[in-house]
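A.B. asks: Chain by chain, the residues run as shown.
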Amino acid sequence: MSIDKETAAKVAKLARIRVDDDALPALAQEFNTILGFIEQLNEVDVDGIEPMTSVTPMRLKRRTDVVTDGDQQDKILSNAPDAREGFFAVPKVVE
Amino acid sequence: MAELNTLTIAEARDALRKGDVTSLELTEACLTQIEGAGALNAFVHHTPDLAREQARAADLRIKAGDAPSMCGIPLGIKDLFCTKGIPSQAASRILEGFKPEYESTVTQNLFDAGSVMLGKLNMDEFAMGSSNETSVYGDVINPWRRGNDDTALTPGGSSGGSASAVAADLCLAATGTDTGGSIRQPAAFVGITGIKPTYGRVSRWGVVAFASSLDQAGPMTKSVRDAAIMLGAMSSHDPKDSTSADIPVPDFEAALTGDVRGKVIGIPKEYRMDGMPQEIEKLWQDGTAMLKEAGAEIRDISLPHTKYALPAYYVIAPAEASSNLARYDGVRYGLRAKLDHGDGITEMYEKTRAQGFGPEVQRRVMIGTYVLSAGFYDAYYNRARKVRALIKRDFEQAFAAGVDAILTPATPSAAFGLGEMAEADPVQMYLNDVFTVTVNLAGLPGIAVPSGLDKKGLPLGLQLIGRPWEEGDLLNTAYALETAAGFVAKPGKWW
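Chains as they are written, first to last, in the working numbering: chain A, 1 to 95; chain B, 1 to 495.
If you are wondering where the hints come from, they were derived from the structure by calculation, not from laboratory data. The beta carbon of each residue, even a glycine, is placed where N, CA and C say it ideally should be. Worth double-checking, as some hints may not be accurate.
Pair ranges (Cβ atoms, derived) [said to hold, decoys possible]: (1) A:T33 with B:L339: 32 to 38 Å; (2) A:T33 with B:D274: 46 to 52 Å; (3) A:T53 with B:H46: 41 to 47 Å; (4) B:M276 with A:Q29: 24 to 30 Å; (5) B:G19 with A:P57: 28 to 34 Å; (6) B:P239 with A:T33: 39 to 45 Å; (7) A:K5 with B:M276: 34 to 40 Å; (8) B:A254 with A:P57: 24 to 30 Å; (9) B:H46 with A:E43: 46 to 52 Å; (10) B:E270 with A:P57: 24 to 30 Å.
Far from chain B by the CB rule (all over 10 Å, computed), these chain A residues [what the hints assert, rightly or not]: (11) D4; (12) E6; (13) D21; (14) P25; (15) P51; (16) M52; (17) T53; (18) K61; (19) T64; (20) D65; (21) D71; (22) R84; (23) E85; (24) G86.
The task is simple: from the sequences and hints, build the whole structure.
C.D. replies: Spelled out as structure tokens, the structure:
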């Protein structure tokens, strides 16, 4: 599996990271080096092996489905680059 | 008494309780050292006022006879931990200006025990790196040098600031985090002790997430005893972290008897890598001989899937990172890129993340995005998780056969020069974690113990890997190794 410039551009788009066109070939090359390293995993016989889902065998804790927190709008907005009238502000989404 | 900043936690605790010293004196000694150590670039956010306030409060507690072991101990805190009202930016530009409104569970536990925070410590951006060269704050410098050669060396990564600060006696100990070796590799590179506990022992709440199924916080200290004391204070069951284990935290320090007679120490043949420097090989043999001399039984073992740990890690960790780092979007906190007229929300995301993330973080987020994308999920991500299950099984089989702990080198080399890996491809840098990453994949506790010096006078460390939840037993084996190795070297002060 080899990653070309177009695939690199697609991945950057999916990751929501702007990459300039002239940086794509080098990026594709880096991806190929890393994926080449990862390809070693194909040597392993994984027949009948379940993918690991939990590091420690444990049942996640349950709790009653009730509100335990809240009423801290100011704190939540305090770090926002742009907050107005109690909301996060973003560029216009709908024309 | 020795210079106050050079004390171990245990020494300081005893002196505090006897009234020979106050926490304020310890704290001032450390603050003075930090001020004179700008060249190391270890402390990146200084909190002297908070430190003095906490020290005074600790002194009152000690006077009142209410003094847990960590009370009054001045610490450095890795920038990955959210600390209320104090910059916490994971060494990333994208979290510039971020001041959490909350305290991480680990720092809260340490503060509840009376510890003093001197400031925040440099690290690799989002804990992604093995040389502390990916930080927005710039490189951390290792206090150690190769003899009379003044080449600046890496302290390792990602907890490079923690390693450098403890080795240079800027603080008594520091917090670190370890996703693939980020406590143990830097500890080995600067000649200190660092333990990554069992996954779930220490709460991840309030620690900026890198790869959630691998991340664990732990102490970086001047001795194994200090690691036992500080790990006890950091550990807790935390309802705010769903993978935090609801089991009691034992008294780890009480486990330090130094008696390892009859313990079975496994020596895994797969950790003998091609091209491994002879000095590392000898260090490993010497450590094996020391534990044998102390009465342990040495047994050759096999962990057949070791070779596949790094490639599996470089699927799983970036996959989880791509998901965790999706939250940095320029909306809720940190940086938002300056937008051009007509830019919409997608341009805001893309420009913010391009400007806010450094190259290594971008690379890993994109690799993670790729391995999780439609059509590749099974081939990469699911296959890696299956291999991870096999790696864990290797360890389970060794422990089931009676092995108590596994001894390996901590790193494949001593600390290297900053910039020396600049021309190498990313995979070359990843190989730094070849001995440590298996432990994260299997969720096991692992500890790096300084065990010797190389020909150029740089520290080298050995790693011990223990059974899950048996950090006490692991620390005791490490204590026996520490005692036998008798590592006392310190870097000469040049900064």
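A.B. asks: Looking at T53 of chain A again, its CB stays over 10 Å from all of chain B?
C.D. replies: violated (7 Å)
A.B. asks: Could you check the hint for me, namely that M276 of chain B and Q29 of chain A are 24 to 30 Å apart, CB to CB?
C.D. replies: Since M276 of chain B and Q29 of chain A have Cβ atoms about 29 Å apart, the given range 24 to 30 Å holds.
A.B. asks: Given the range 32 to 38 Å, decide if the beta-carbon distance of T33 of chain A to L339 of chain B lies inside it.
C.D. replies: holds (34 Å)
A.B. asks: Between K5 of chain A and M276 of chain B, is the Cβ distance one that fits in 34 to 40 Å?
C.D. replies: Hint holds: Cβ distance 38 Å, inside 34 to 40 Å.
A.B. asks: So P51 of chain A supposedly isn't at the interface. Is its beta-carbon more than 10 Å from every beta-carbon in chain B?
C.D. replies: violated (4 Å)
A.B. asks: Would you assess whether D65 of chain A, listed as outside the interface, keeps its beta-carbon beyond 10 Å of every beta-carbon in chain B?
C.D. replies: Correct as stated: the minimum Cβ-Cβ distance to chain B is 14 Å, above 10 Å.
A.B. asks: Looking only at beta-carbon atoms, does the pair T53 of chain A, H46 of chain B fall within the given range of 41 to 47 Å?
C.D. replies: holds (42 Å)
A.B. asks: Test the statement that D4 of chain A is away from the interface with chain B: the closest C-beta pair must be farther apart than 10 Å.
C.D. replies: Given that every Cβ of chain B is farther than 10 Å from that of D4 of chain A, nearest at about 13 Å, it holds.
A.B. asks: Over 10 Å to the closest beta carbon of chain B is the bar; see if K61 of chain A clears it.
C.D. replies: violated (6 Å)
A.B. asks: Would E85 of chain A pass as off the interface with chain B, using Cβ distances and a cut of 10 Å?
C.D. replies: The claim stands: E85 of chain A keeps its Cβ more than 10 Å from every Cβ of chain B (closest is about 15 Å).
A.B. asks: Assuming the hint says 24 to 30 Å, is it satisfied by the Cβ distance from E270 of chain B to P57 of chain A or not?
C.D. replies: holds (25 Å)
A.B. asks: If I claimed the Cβ atoms of A254 of chain B and P57 of chain A lie 24 to 30 Å apart, would that claim hold in this structure?
C.D. replies: holds (28 Å)
In summary, the structure is inconsistent with hints 2, 5, 15, 16, 17, 18 from the numbered list given earlier, while agreeing with the others.
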